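Trainee: Put together the whole structure using the sequences plus the hints.
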Amino acid sequence: MNAPIRNENLQLLNGNHAVAWGVRLASPDVAPLYPITPQTPILEKLIDFKSADLLGTEILTPESEHSAMAAAVAASATGARVFSATSSQGLLLMHELLHYAAGSRLPIVLFNVNRTPAAPWGFWPDQIDSLSQRDTGWVQLYSETPQESLDTVIQAFRIAEASELPVMVNHDAFYVSHAVEPVSVPDQGAVELYLPKVDRSMWLDTDIGRAIGAPIGQDGWNRTRREMDAAMQTIVGLTKDAGKAWGEMSGRPYAPLELYRCDDAEVVFVTMGSMAGTAREAVDRLRESGVAAGLVKVRLFRPMPMADLHAALADIPCALVLDRNYSPGVGGVLHQELMAGFYGAENAPRIFGFLTGVGGTNVPVEMLEKLAVDYRQAKQNNNPIWVE
Amino acid sequence: MKDIEYNEAGQFCSGHNACAGCAEALSMRVILNAVGKNTVGVVVPSCVAIIVGAHPRSSAKIPFIHGLLESAAAMASGVKRGLVSQGKDDTTVLCLAGDGGTYDIGLQALSSAAERNEDILYVCFDNEGYMNTGGQTSSSTPLAASTGSSPLGKTTRKKNLVEILAAHRIPYIATASPSHLSDLSEKVTKAKAIRGMKVIIVVIPCLPGWGIADDAAVKVSRLAVESGVFPLIEVEDGLRYSINSADKTKPIDEYLDLQKRYRHISDSERVELQQDVDDSWDRLVARTKM
Numbered sequence: 001m002n003a004p005i006r007n008e009n010l011q012l013l014n015g016n017h018a019v020a021w022g023v024r025l026a027s028p029d030v031a032p033l034y035p036i037t038p039q040t041p042i043l044e045k046l047i048d049f050k051s052a053d054l055l056g057t058e059i060l061t062p063e064s065e066h067s068a069m070a071a072a073v074a075a076s077a078t079g080a081r082v083f084s085a086t087s088s089q090g091l092l093l094m095h096e097l098l099h100y101a102a103g104s105r106l107p108i109v110l111f112n113v114n115r116t117p118a119a120p121w122g123f124w125p126d127q128i129d130s131l132s133q134r135d136t137g138w139v140q141l142y143s144e145t146p147q148e149s150l151d152t153v154i155q156a157f158r159i160a161e162a163s164e165l166p167v168m169v170n171h172d173a174f175y176v177s178h179a180v181e182p183v184s185v186p187d188q189g190a191v192e193l194y195l196p197k198v199d200r201s202m203w204l205d206t207d208i209g210r211a212i213g214a215p216i217g218q219d220g221w222n223r224t225r226r227e228m229d230a231a232m233q234t235i236v237g238l239t240k241d242a243g244k245a246w247g248e249m250s251g252r253p254y255a256p257l258e259l260y261r262c263d264d265a266e267v268v269f270v271t272m273g274s275m276a277g278t279a280r281e282a283v284d285r286l287r288e289s290g291v292a293a294g295l296v297k298v299r300l301f302r303p304m305p306m307a308d309l310h311a312a313l314a315d316i317p318c319a320l321v322l323d324r325n326y327s328p329g330v331g332g333v334l335h336q337e338l339m340a341g342f343y344g345a346e347n348a349p350r351i352f353g354f355l356t357g358v359g360g361t362n363v364p365v366e367m368l369e370k371l372a373v374d375y376r377q378a379k380q381n382n383n384p385i386w387v388e
Numbered sequence: 389m390k391d392i393e394y395n396e397a398g399q400f401c402s403g404h405n406a407c408a409g410c411a412e413a414l415s416m417r418v419i420l421n422a423v424g425k426n427t428v429g430v431v432v433p434s435c436v437a438i439i440v441g442a443h444p445r446s447s448a449k450i451p452f453i454h455g456l457l458e459s460a461a462a463m464a465s466g467v468k469r470g471l472v473s474q475g476k477d478d479t480t481v482l483c484l485a486g487d488g489g490t491y492d493i494g495l496q497a498l499s500s501a502a503e504r505n506e507d508i509l510y511v512c513f514d515n516e517g518y519m520n521t522g523g524q525t526s527s528s529t530p531l532a533a534s535t536g537s538s539p540l541g542k543t544t545r546k547k548n549l550v551e552i553l554a555a556h557r558i559p560y561i562a563t564a565s566p567s568h569l570s571d572l573s574e575k576v577t578k579a580k581a582i583r584g585m586k587v588i589i590v591v592i593p594c595l596p597g598w599g600i601a602d603d604a605a606v607k608v609s610r611l612a613v614e615s616g617v618f619p620l621i622e623v624e625d626g627l628r629y630s631i632n633s634a635d636k637t638k639p640i641d642e643y644l645d646l647q648k649r650y651r652h653i654s655d656s657e658r659v660e661l662q663q664d665v666d667d668s669w670d671r672l673v674a675r676t677k678m
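If you're matching them up, the sequences are chains D and U in order. Oh and the first sequence: position 277 is 277 in my numbering, straight run, nothing missing. Oh and the second sequence: position 11 is 399 in my numbering, straight run, nothing missing.
Please keep in mind that the hints were generated in silico from the structure rather than gathered at the bench. Just so you know, nobody snuck in bad clues.
Only pairs whose alpha carbons sit at most 20 Å apart, straight line, appear in this in silico EDC-like list of lysine to aspartate or glutamate:
(1) Lys379/D with Glu266/D
(2) Lys425/U with Asp207/D
(3) Lys677/U with Asp625/U
(4) Lys449/U with Asp207/D
(5) Lys476/U with Asp199/D
(6) Lys580/U with Asp205/D
(7) Lys240/D with Glu161/D
Residues of chain D clear of chain U, computed beta-carbon distances all greater than 12 Å:
(8) Gln11
(9) Ala52
(10) Ala119
(11) Val191
(12) Met228
(13) Ala230
(14) Asp241
(15) Ala245
(16) Arg285
(17) Ala311
(18) Ala314
(19) Ala348
(20) Gln377
(21) Asn382
Note that the structure is a prediction, hence the values are computed from the model and not measured. Beta carbons are placed, not taken as given, at the ideal position from N, Cα and C, and that holds for glycine.
Mentor: In structure tokens:
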């Protein structure tokens, strides 16, 4: 977080409890939830709120994440505001429903805690669970801190309901989900003004004998994807609006990209999630030692804010992409996105892709400092580079 | 012979996509008229999804969401909770699925919804196989019946879904048949008035899947009831069993002989099948006396 922080109503919260607070403030009508490490504290905190009569949400706890997302889809189709949360295997089990939710244009908000998928079993921060869902039609946002997670989950409802696209917000297992920080909890009334209930009564309505999701011809199916494409084109603008309005309300503005010390930089890190914290520290140390380093934190991953990235990297000769994920046979997913987005661009930076912290391995600040020093003047290399 | 008074409320439209002579469409008409206007439907891939129809047409006057095959009960739960959260507590949620979506891939979600006692009315159109994909074995396919994936006859029994559901102690379980439409209509009306999870399993002889004549669906389903192969029953709170049809009055021969799916069976297999039906009937009668 690089924005001025207004320290009102500070509470000591871990990342997941911050999410639960955000959800409480957004006040969804329905929340189907299924426990999974390390998401479970979100579920437990919401049920604590519900049990104490602090949350009016209908909560159901079905037998699987598949049924949780199925119930989320169906509840959203009645016009209800719907939230769910999951992680790793749970997100992968939801995969079929993720396509369905987006195809039906249902503005569900899902919080995913990024965790390694089996096999082998692991419980560590790694973003391949959500990155492998990038083609399902969900907007994807990545959060670096508990405060950002609280703020972003509320903004996600605004983006979802304005675009009629589902939105997935992600933060890293343990590094963010279980890290405790002072978090400013906004006022309920202010959030209600920021996020008014949207009337979606044109959905499943007993007065209209129409069907949602019924079989359709080729032309009709094709049209649904063109319409989703048009909706996706609005997301960068909606994310900017939501982040700006949030800043006016809370003192913490957000944007699809967060730029840190990029002015006159000769080399920048490009990354998502908790890695941005490490990279920010590395930037400071590099600047102190005379290396003009910077950081581009990608907050909105899908759709990728490519015009903003082009502007951010316009005068920067070298970009080091740090991926805490590995797409076998390809490399880092963010690296590939940047390579594709800059292909053929004039004055494109040299782009390097580093596989850092895959499987949750530690990425010390010194490791990133060394990468910047070693690669800032290196020749372009398209291959992913494993970093130890 | 007597005429039955039937209250046609027009909730199911002509021009639907069922095969000519299909008893599922007939059952749909009775169910939709009995359940009434203040209803939201959930339908999952199955013959009944085809009967409800493709975009932009619908054969039903109520709205439907076309859900995912394994998610019928989960989606019905979501619809109900969504409606309740918006103050629409009195709207009935009607879930329609086939036996594949109920006995097989949807069983997990069904069990979960039953355990939570969700306030939904779940109807399974049981044509004893994956008939919408051309006729393959499901766990509802009975012993010895041949399908596209059991050409020599199924070697295991039909899953007893009634007993599985009864073990969940849900308020209401019933079986019904297109041969007994007043009974079907009364069961839907009764179920609609009960809070909590209700499941009605309707036997649907599939014309191509069972290999029966185009005009024989109602006759075959009547024989299924009268031979005790598919008794009409109610189970309340998972404990109180009652038989709603007349006693088992016929041997299974006529029922079997009208279907191609049993054409291959030997005389000894026929005897075994009859014994199996007799044993099941005796166990059912014993349950009604518990």
